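Each protein sequence line maps, in turn, to chains A and B. Numbering follows this note's numbering, in which position 6 of the first sequence is assigned residue number 6; successive positions increment by one, without gaps. Numbering follows this note's numbering, in which position 130 of the second sequence is assigned residue number 130; successive positions increment by one, without gaps.
Calculated from the structure, these hints are not laboratory results. Note that the structure is predicted; figures quoted are calculated from it, not measured. In this text, a Cβ means the ideal position worked out from N, Cα and C, and glycines have one as well. Please note that the accuracy of each hint is not assured.
[Unchecked claim] Here are the computed distance ranges between Cβ atoms for each label pair: (1) B/Lys97 to A/Asp81: 51 to 59 Å; (2) B/Asn11 to A/Arg48: 37 to 45 Å; (3) B/Leu46 to A/Leu33: 56 to 64 Å; (4) A/Glu69 to B/Met49: 42 to 50 Å; (5) B/Asp98 to A/Val29: 20 to 28 Å.
[Unchecked claim] Simulated pairs of lysine-lysine, DSS-like, Cα-Cα distance not exceeding 30 Å: (6) B/Lys190 to A/Lys45; (7) B/Lys50 to A/Lys66; (8) B/Lys107 to A/Lys66; (9) A/Lys80 to B/Lys124; (10) A/Lys52 to B/Lys138; (11) B/Lys107 to A/Lys18; (12) B/Lys138 to A/Lys66; (13) B/Lys79 to A/Lys80; (14) B/Lys190 to A/Lys52; (15) B/Lys70 to B/Lys138; (16) A/Lys66 to B/Lys58; (17) A/Lys18 to B/Lys97; (18) B/Lys50 to A/Lys45; (19) B/Lys50 to A/Lys18; (20) B/Lys97 to A/Lys5.
[What the hints assert, rightly or not] Footprint (simulated), chain A over chain B, 3 or more residues, beta carbon under 8 Å: (21) 17-23; (22) 105-115.
Now for the letters of each chain:
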Amino acid sequence: MMSCKELARSVSESLDHKLPVSRRISSWVHLALCGMCRNYVGQMKLLRRAIKLHLRDEGEQSIREKLPEDVRERIRNRLKD
Amino acid sequence: MNTRDESPTVNPERWLDDHGDALYAFAMVRLRNPAVAEDVVQEAFLAAMKAKERFSGKSSERTWLTGILKHKIVDYFRKSSREKVYEDTEAIEAFEKDNFLPNGHWKIAPTNWGAHPSKSVERKEFMDTLQQCLGNLKPQHERAFTLREIEGLEGAEICDILDITESNLWVILYRARQRLRDCLQINWFKTPTEEAKPS
Numbered sequence: 001m002m003s004c005k006e007l008a009r010s011v012s013e014s015l016d017h018k019l020p021v022s023r024r025i026s027s028w029v030h031l032a033l034c035g036m037c038r039n040y041v042g043q044m045k046l047l048r049r050a051i052k053l054h055l056r057d058e059g060e061q062s063i064r065e066k067l068p069e070d071v072r073e074r075i076r077n078r079l080k081d
Numbered sequence: 001m002n003t004r005d006e007s008p009t010v011n012p013e014r015w016l017d018d019h020g021d022a023l024y025a026f027a028m029v030r031l032r033n034p035a036v037a038e039d040v041v042q043e044a045f046l047a048a049m050k051a052k053e054r055f056s057g058k059s060s061e062r063t064w065l066t067g068i069l070k071h072k073i074v075d076y077f078r079k080s081s082r083e084k085v086y087e088d089t090e091a092i093e094a095f096e097k098d099n100f101l102p103n104g105h106w107k108i109a110p111t112n113w114g115a116h117p118s119k120s121v122e123r124k125e126f127m128d129t130l131q132q133c134l135g136n137l138k139p140q141h142e143r144a145f146t147l148r149e150i151e152g153l154e155g156a157e158i159c160d161i162l163d164i165t166e167s168n169l170w171v172i173l174y175r176a177r178q179r180l181r182d183c184l185q186i187n188w189f190k191t192p193t194e195e196a197k198p199s
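The following block holds chain A by itself, in its conformation from the complex:
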């Protein structure tokens, strides 16, 4: 029977590639029985969704700094060459 520690490793791996069938089944059985690990999976899912939404899709909105003027000038001059 898979332990919580093994489940946590499997969850992270499953985010990057498909697990072999046997491990998928073991994980599924463990999650059916373990509320703590179900919470953990929920946390990982939220983390991924939040990163995607807040950084990949909306990230630029959180950046308040503009490209500094001296850098702009420098680039403008180099583009003219």
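Starting from the structure of chain A, add chain B where the hints point.
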């Protein structure tokens, strides 16, 4: 107007005004370092200047420039990975001791985080917390995580860019995710935690 004879044009004179800040913000989200972001944006504009004849017009100027910028960001990650930290299964076992008992059970029960914040004020603060937590990661972990979760690159590609093996990558991503989770737990969710009850 005979559109067939018109080739799509770019307007380098307007680039800085039209796209400078947007490209800088794009770079900052991924690099979290103003000096590096400035350099990378400059390199992107210079590369775009050299490649302007190849702009096909299929996408907008912004999309095209962003594509070039993405390449420059990846190049930066490639170059900065010369200083490598090798992670292996021993490293996992060491850091798993923080979260798990010897019998493989949780030390502290993971709590239900619910849905992530949807009110706009909360979202901004959450974004800031997230950025801060990302900034706390070790540089190599941050790079791997950014390439995977923000750029959406596959494992093999990331390994090529950072010059690491797939098993190194897997360990790095696992650690990064755990660290982020812990950081968010402490700084944002702050849900009451309880010792995991033995079963």
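Hints the structure fails to honour = 4, 8, 9, 18 and 19
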